[in-house]
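Construct the complete structure from the given sequences, taking the supplied hints into account.
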Amino acid sequence: MRKCLILGLASLAVLFLTNPVFAQEAANKLIIGFGIYSAIILSAGFAVGLAALGCGIGMGHATRGACEGIARNPELAGRLTVTMILGIALIESLTIYALVIALILLYANPVLPKFLAVVGLS
Amino acid sequence: MEHPILFLCLILEKLGIPSGWIYYEEAAKYGTLAKVFAPHMVHSYFVCLLLIILALLGTRKKEFIPKGIQNFWEFTLESLYNYTKDNVPHGEGHSPNIVPFVYPLIVFFALYILFCNLLGLIPGFMSPTANINVTLGLTSITIVYYHLLGLRYKGLKYFKDFLGPIPWLFPLMLPAEIFSHVGRIISLSVRLFGNLVSKELLLGLLTMLAGKFFAPLPIMVLGVLVSFVQMLIFITLSMAYFAGAVEEHH
Chain A
3 MRKCLILGLA
13 SLAVLFLTNP
23 VFAQEAANKL
33 IIGFGIYSAI
43 ILSAGFAVGL
53 AALGCGIGMG
63 HATRGACEGI
73 ARNPELAGRL
83 TVTMILGIAL
93 IESLTIYALV
103 IALILLYANP
113 VLPKFLAVVG
123 LS
Chain B
10 MEHPILFLCL
20 ILEKLGIPSG
30 WIYYEEAAKY
40 GTLAKVFAPH
50 MVHSYFVCLL
60 LIILALLGTR
70 KKEFIPKGIQ
80 NFWEFTLESL
90 YNYTKDNVPH
100 GEGHSPNIVP
110 FVYPLIVFFA
120 LYILFCNLLG
130 LIPGFMSPTA
140 NINVTLGLTS
150 ITIVYYHLLG
160 LRYKGLKYFK
170 DFLGPIPWLF
180 PLMLPAEIFS
190 HVGRIISLSV
200 RLFGNLVSKE
210 LLLGLLTMLA
220 GKFFAPLPIM
230 VLGVLVSFVQ
240 MLIFITLSMA
250 YFAGAVEEHH
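Going line by line, the protein sequences match chains A and B.
Per this note's numbering, the first sequence starts with residue 3, numbered consecutively.
Per this note's numbering, the second sequence starts with residue 10, numbered consecutively.
To be clear, the hints were calculated from the coordinates, so they are not data collected in a lab.
Do not rely on the hints blindly, as some may be mistaken.
Per label pair, the in silico range of CB-to-CB distance [as the list claims (entries may be wrong)]: (1) Lys31(A) with Ala249(B): 25 to 33 Å; (2) Ile150(B) with Lys31(A): 44 to 52 Å; (3) Leu214(B) with Ala73(A): 36 to 44 Å; (4) Phe48(A) with Ile150(B): 30 to 38 Å; (5) Asp95(B) with Gly58(A): 28 to 36 Å; (6) Cys69(A) with Lys70(B): 42 to 50 Å; (7) Ala37(B) with His63(A): 47 to 55 Å; (8) Pro174(B) with Leu44(A): 43 to 51 Å; (9) Leu231(B) with Val120(A): 41 to 49 Å; (10) Ala249(B) with Leu44(A): 32 to 40 Å; (11) Phe55(B) with Leu88(A): 23 to 31 Å; (12) Asn30(A) with His156(B): 52 to 60 Å; (13) Gly253(B) with Tyr109(A): 30 to 38 Å.
Beta carbons are placed, not taken as given, at the ideal position from N, Cα and C, and that holds for glycine.
See below:
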């Protein structure tokens, strides 16, 4: 906690020190561009991370149910395994949707050119 | 992230056909030929050729007690037939028998998607299903076919299913039903596409990072599993949609 506070304060101090060095316009452009790209990268990472969080919980429940079923009735192991794999693949596809959205954000962002034009960068 | 080397496209390029990602991106300059021989299309043709050759080899000399490749085909087709029969209405009770209409399509989906998925594991080839156009095409076949099946077996009563179970609640249920039918297109196509593309991206990244230490090998083993499971998911969901369009709901 204290380390984080010191780090934040130090970075703020560095920002305050460096800000007047740039010319005003270039600095504005830099800050806006940095904001846009860092927001895109952050959102892509968080999308996959949060999706994997929820899907991990869901897959855990599915696997637990299948394990309990096999422990009670070992003859059904084959059919239960197939059903579990089907369900797990269906759950996993939710993470894959998030991954596709992250890839779209990173490589083929449809909003970025419009946004840059509105802001006035390039 | 694109494949640096694709052997089939290189061979076609040597023959003078504009085939490759470079030509596909500037298709306006090179004409329709660059679109017809785009890399995913070329690999799709290759899979079709492979399947036709395998089928011809299997039926070349038919024996009563099957051996070798004929045995393989009989096992594959029979297990697919049993799987189809388990999952769609097959004429017991009041339900119609749609197995003869559905089974050839299911076999096509299973073999084509499986071979497409597995083709991407060979270095120098790509999976055609790692392209959104191919998976959207496969999905649109499913969507059009289950609407046609519903119209064939239920007639105009098929549209009553869109109104939901309670008659006076239809303004609420109609948008939900339509949205669920539109969502099937997206979910079915993006699921296959995303799985395959993530596998190929992971393989490419690991090859670039630590290719000389054989880092992609475990991912390739995982890729075989993903190929089979995604094929199974696709045909299972297709059959669920076919069965849902034909069966009586309430």
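Going down the list of hints, with the structure as the test:
{"no.": "1", "hint": "Lys31(A) with Ala249(B): 25 to 33 Å", "verdict": "violated, 53 Å"}
{"no.": "2", "hint": "Ile150(B) with Lys31(A): 44 to 52 Å", "verdict": "holds, 49 Å"}
{"no.": "3", "hint": "Leu214(B) with Ala73(A): 36 to 44 Å", "verdict": "holds, 39 Å"}
{"no.": "4", "hint": "Phe48(A) with Ile150(B): 30 to 38 Å", "verdict": "holds, 36 Å"}
{"no.": "5", "hint": "Asp95(B) with Gly58(A): 28 to 36 Å", "verdict": "holds, 31 Å"}
{"no.": "6", "hint": "Cys69(A) with Lys70(B): 42 to 50 Å", "verdict": "holds, 48 Å"}
{"no.": "7", "hint": "Ala37(B) with His63(A): 47 to 55 Å", "verdict": "holds, 51 Å"}
{"no.": "8", "hint": "Pro174(B) with Leu44(A): 43 to 51 Å", "verdict": "holds, 44 Å"}
{"no.": "9", "hint": "Leu231(B) with Val120(A): 41 to 49 Å", "verdict": "holds, 43 Å"}
{"no.": "10", "hint": "Ala249(B) with Leu44(A): 32 to 40 Å", "verdict": "holds, 38 Å"}
{"no.": "11", "hint": "Phe55(B) with Leu88(A): 23 to 31 Å", "verdict": "holds, 29 Å"}
{"no.": "12", "hint": "Asn30(A) with His156(B): 52 to 60 Å", "verdict": "holds, 54 Å"}
{"no.": "13", "hint": "Gly253(B) with Tyr109(A): 30 to 38 Å", "verdict": "holds, 36 Å"}
When the structure is compared with the earlier hints, a violation turns up for hint 1 alone.
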